[in-house]
Amino acid sequence: MNHRIKSGFSLYTNSREAMQNSILKKQIRKKQRIILGGILCVVLFAVFLAYRYRTYHMLKTERTVAEHVDSGTKSFAYKNGSISYNEDGISFIDGDGKVEWEKAYSIKNPIVTYCGDYIAAAYKNGNEILLYDSTGKVKRFSASYAVSDVEVAEQGVIAAVLQGDNENYIELYDASQKKLVTIKTTIDENGYPLDIDLSEDGTMLAVSYLVVDGLQTKNRVAFYDFGEKGQEKEDRLLAGFDFKDTVIPKIQFMGKNTVCAFGDNKTIIFNTKDTPSKQKEIKINSRIKSIAADDSHFALILENKKKSSKEQYLVQAYNRSGRKVMEREIKTEFSDVYLGPDGVLFVGNYHCSMINYAGHEMYQQNFKKRIQAMAPTGKAERYLITFEDKTQLVRLR
Numbered sequence: 001m002n003h004r005i006k007s008g009f010s011l012y013t014n015s016r017e018a019m020q021n022s023i024l025k026k027q028i029r030k031k032q033r034i035i036l037g038g039i040l041c042v043v044l045f046a047v048f049l050a051y052r053y054r055t056y057h058m059l060k061t062e063r064t065v066a067e068h069v070d071s072g073t074k075s076f077a078y079k080n081g082s083i084s085y086n087e088d089g090i091s092f093i094d095g096d097g098k099v100e101w102e103k104a105y106s107i108k109n110p111i112v113t114y115c116g117d118y119i120a121a122a123y124k125n126g127n128e129i130l131l132y133d134s135t136g137k138v139k140r141f142s143a144s145y146a147v148s149d150v151e152v153a154e155q156g157v158i159a160a161v162l163q164g165d166n167e168n169y170i171e172l173y174d175a176s177q178k179k180l181v182t183i184k185t186t187i188d189e190n191g192y193p194l195d196i197d198l199s200e201d202g203t204m205l206a207v208s209y210l211v212v213d214g215l216q217t218k219n220r221v222a223f224y225d226f227g228e229k230g231q232e233k234e235d236r237l238l239a240g241f242d243f244k245d246t247v248i249p250k251i252q253f254m255g256k257n258t259v260c261a262f263g264d265n266k267t268i269i270f271n272t273k274d275t276p277s278k279q280k281e282i283k284i285n286s287r288i289k290s291i292a293a294d295d296s297h298f299a300l301i302l303e304n305k306k307k308s309s310k311e312q313y314l315v316q317a318y319n320r321s322g323r324k325v326m327e328r329e330i331k332t333e334f335s336d337v338y339l340g341p342d343g344v345l346f347v348g349n350y351h352c353s354m355i356n357y358a359g360h361e362m363y364q365q366n367f368k369k370r371i372q373a374m375a376p377t378g379k380a381e382r383y384l385i386t387f388e389d390k391t392q393l394v395r396l397r
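Going by the working numbering, the residue at position 311 of the sequence shown is 311; the numbering climbs one at a time, nothing skipped.
Everything labelled a hint here was simulated from the structure, so no lab data went into it.
For glycine and all other residues, C-beta sits at the position ideal for the given N, C-alpha and C.
One thing to keep in mind: the hints can contain errors.
[Stated by the list, open to error] Restraint-style ranges between C-beta atoms, simulated for each label pair:
| hint | residue 1 | residue 2 | range |
| --- | --- | --- | --- |
| 1 | 323 | 41 | 48 to 54 angstroms |
| 2 | 38 | 62 | 51 to 57 angstroms |
| 3 | 218 | 323 | 25 to 31 angstroms |
| 4 | 125 | 233 | 29 to 35 angstroms |
| 5 | 54 | 218 | 44 to 50 angstroms |
I would like the entire structure built from these sequences, with the hints used as guidance.
Structure below.
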C-alpha cells in the first residue's frame, strides 16, 4: 500500500501565501473604505456648501390669504404660521396660508407680543389688555393706569408697565386674570422704565430704567424674581446693574437663562441661571440703525464707517453667547428687520432681501407694489407678505 507523505515545507509555504493573501485583501478593503469615506466626506461637504450658499431667484405665490388689507397691518412668526394684526383686529394664518382664526377689536396703536401659545395685545396709552391662546380664545384685562408696554410668558402670565400721574407701576397677572404682583416705581428712586421682558416661565422680569441723578443720567438694568429666590427680597428685586455711559432702549430674554441688553453703544449679555451676572459686553463703535433678536441669535445693523465703501450699512450677527457669526456690508434701504429660520430678512417699501448666517445673500427682489409687512412663518422658505391690496403666502424658489 502506498502512503502519501505531506511535506512540512509545502504546508508552511501554502499557509504563508494564504496569510499574505488575507493581509493583502484586508489592505485593499481598508483602502477602499478610506477612498469611499473620502468621497462621502467630499459629497457631504459639497451638499453642505450648496445648502449654505444656496440662492433663490423668485417668490412663488402659494395662496392669497386676504384680498383687502387695512393700512398699518403688521405681522410676525407664530408657531407654524404667522400672526397678522392692525387697529381693527388680529388673525392667525398657518404655514399653508389658511386663516385658522380671526378676531375683531378696536385698538389704536396696538402693542402685540407673544410667547409659547399666548399672544398679548394692548392699547398703548389705554387701559385694555387682551390675551389670546392658540385657538383664538380671548380674555380681557382692565389695567389701573395707561399701558405703555406689555409682555407675556408661555403660561399666559402678563407683565405690563403702567403710567400713573407721578409714578409708574409694573403689574403681573396670570392667565385667569388674577393680579399677582404690583411694583411701584418712581423716577427719583428707580428711574423711568424704558423696556421690559419676561422670562419664558414668567418667574423673572428684566427692566431697563433710565435714571436721572442730578445733572447726569445713567441706565439701570434690574432683575425681579417672582419665584423662591425673590421671596426674601424687597420688591422682589434680585439684582441691579448701573451703566453710566450708555442708554438701553431694548432688553430681551434669549432662551431660558440669557438676557441681552441693547444699548446705544454696547450690548450687554447677562446670565440669569442662579444670580444674574454680567457675562459679556460687546462694544459698538457705530450708530445703530436697527436691532433684531430671537431665542438663538441677534443682529445689529450699523452705519458703515468705512469711507471707501459704497455699502451704507454693516450687518453683524451674534449667537446668544455673544460670539460673532457673521458680518457683511449692505446697501439695502429697509424699514423692518426680522430673524427667521433662513437668516436675516430686510424689508423696505418696495424691496426685500435675505442674508443667511454665513453672510451670503440668498435672495433679493424689487416690487412694483408697496410692502406693508413681511414676516417669516413657522415653515422654512415660506413668508407672509402684505401689500397695499392683498396678503399672500409666498415661497422662495
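Comparing the hints with the structure gives:
no. : hint                            : in the structure
1   : 323 <-> 41: 48 to 54 angstroms  : violated, 26 angstroms
2   : 38 <-> 62: 51 to 57 angstroms   : violated, 41 angstroms
3   : 218 <-> 323: 25 to 31 angstroms : holds, 28 angstroms
4   : 125 <-> 233: 29 to 35 angstroms : holds, 31 angstroms
5   : 54 <-> 218: 44 to 50 angstroms  : holds, 46 angstroms
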